[in-house]
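Novice: The lines below spell out each chain.
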Amino acid sequence: MAKIIVVTSGKGGVGKTTTSAAFATGLALRGYKTVVIDFDVGLRNLDLIMGCERRVVYDFINLINHESNLSQTLIRDKRVDNLYVLPASQTRDKDALSQEGVERVLNELKEEGFDYIICDSPAGIEHGAHMALYYADEALIVTNPEVSSVRDSDRILGLLASKSKRAVDGDEPVKEHLLVTRYDPNRVKEGAMLSTDDIVDILGIKLIGAIPESEAVLAASNSGVPVILQEKEDAGQAYTDVVSRYLGEDVPMRFLTPEKKGLFKRLLG
Amino acid sequence: MGLLDYFSSQRKKNNASVAKERLQIVIAHERSRRSHAFLPKLQQELLDVIRKYIPIEDDQVKLDIERDGECEVLELNITLPEESARG
Numbered sequence: 214m215a216k217i218i219v220v221t222s223g224k225g226g227v228g229k230t231t232t233s234a235a236f237a238t239g240l241a242l243r244g245y246k247t248v249v250i251d252f253d254v255g256l257r258n259l260d261l262i263m264g265c266e267r268r269v270v271y272d273f274i275n276l277i278n279h280e281s282n283l284s285q286t287l288i289r290d291k292r293v294d295n296l297y298v299l300p301a302s303q304t305r306d307k308d309a310l311s312q313e314g315v316e317r318v319l320n321e322l323k324e325e326g327f328d329y330i331i332c333d334s335p336a337g338i339e340h341g342a343h344m345a346l347y348y349a350d351e352a353l354i355v356t357n358p359e360v361s362s363v364r365d366s367d368r369i370l371g372l373l374a375s376k377s378k379r380a381v382d383g384d385e386p387v388k389e390h391l392l393v394t395r396y397d398p399n400r401v402k403e404g405a406m407l408s409t410d411d412i413v414d415i416l417g418i419k420l421i422g423a424i425p426e427s428e429a430v431l432a433a434s435n436s437g438v439p440v441i442l443q444e445k446e447d448a449g450q451a452y453t454d455v456v457s458r459y460l461g462e463d464v465p466m467r468f469l470t471p472e473k474k475g476l477f478k479r480l481l482g
Numbered sequence: 002m003g004l005l006d007y008f009s010s011q012r013k014k015n016n017a018s019v020a021k022e023r024l025q026i027v028i029a030h031e032r033s034r035r036s037h038a039f040l041p042k043l044q045q046e047l048l049d050v051i052r053k054y055i056p057i058e059d060d061q062v063k064l065d066i067e068r069d070g071e072c073e074v075l076e077l078n079i080t081l082p083e084e085s086a087r088g
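Line by line, the protein sequences give chains A and B. The opening position of the first sequence corresponds to residue 214 in the numbering used here, with each subsequent residue numbered one higher. The opening position of the second sequence corresponds to residue 2 in the numbering used here, with each subsequent residue numbered one higher.
Warning: the hint list may mix true and false statements.
What the hints assert, rightly or not - List of simulated lysine-lysine pairs, BS3-like, C-alpha gap at most 30 Å: (1) 42(B) - 378(A); (2) 307(A) - 378(A); (3) 42(B) - 53(B); (4) 376(A) - 21(B).
Claimed, not checked - Derived contacts from chain B toward chain A, CB cut-off under 7 Å, selection only: (5) 16; (6) 17; (7) 20; (8) 21; (9) 24; (10) 25.
FYI, nobody ran anything at the bench for these hints, they're computed from the structure. Ideal Cβ positions, reconstructed from N, Cα and C, are used throughout, including at glycine.
Between the sequences and the hints, there should be enough to build the whole structure, so can you do that?
Specialist: Next up, the structure:
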């Protein structure tokens with residue numbers, strides 16, 4: 214049975230699309246048939262982060278409006294087996310994202326045998342964000358260690374608990390995972406940045422990992438390669454850990470404390 | 002770490018604890034407001050019921066929730082009109 218996972222945050226620019234791309238790629242690398250859907254209708258960007266922007270022919274809204282079928286619309290990733298991208302429309306209005314349409318497409322994807330359906334939510338708490346989280350079984354809450362991001366994440370937790378289909382139907386609640394991104398252990402140590410423990414205390418959900426602030430993330434988006442494929446980079450490794458933890462493996466947290474500098478680095482840096 | 006860096010990092014110290022405190026307060030407040038989203042509807046329904054028996058204005062029914070330590074107190078205030086008090 215397919216699992217629907219929403220990647221959401223409320224606040225913009227915290228790393229939802231980077232996370233969606235990395236997480237979906239990580240699941241596919243582990244052999245699960247995975248699709249990642251861009252719910253940001255009007256502001257398509259997942260295609261760029263996944264590096265498939267020149268292969269977009271049809272989009273999510275075409276699919277909803279019966280203007281294309283699944284096999285015409287899904288973009289198969291050229292690097293990783295089992296990985297597909299469903300791009301957002303760039304020209305349409307977000308109201309084109311009808312609830313019935315979204316449900317039908319999700320059901321078609323389930324019938325197609327997908328194991329994981331990753332929904333990359335737009336920022337905000339408007340219609341697009343609501344649609345992205347409505348059918349979710351689980352949620353990755355992407356949060357920066359910064360006050361406005363943490364507060365917005367709490368708003369989103371409120372929506373998951375009241376406006377998701379699971380909440381409306383009175384089913385078991387959406388399972389929430391906290392992912393802290395742009396984490397800087399040095400500043401945390403100085404007391405200048407909220408720690409993962411602080412954020413867990415405030416939000417009251419379980420931490421699935423922290424992604425260190427890293428140049429690799431920008432480099433990866435520049436070249437359209439999900440950062441999880443950068444195996445030598447800290448951010449790539451951190452995402453790999455997140456996927457393992459999600460799949461139930463006991464992987465100790467990394468990147469939470471400052472890297473020990475060697476004498477040479479200490480003298481220079 | 003240079004001397005200047007040392008002092009500037011001392012100055013920044015505990016910023017995070019300030020952030021945590023502020024967030025805990027504002028989020029607790031917002032969560033309690035969210036969990037009381039039913040208040041306006043409850044107020045309207047109470048009004049409708051009372052109006053079956055007593056003619057009252059909208060502002061004569063007041064609902065409030067106050068926190069008292071671990072407890073929450075729902076305070077309901079109904080002001081009766083002069084005539085009904087006499088009758």
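Novice: So which of the earlier hints does this model not fit?
Specialist: none
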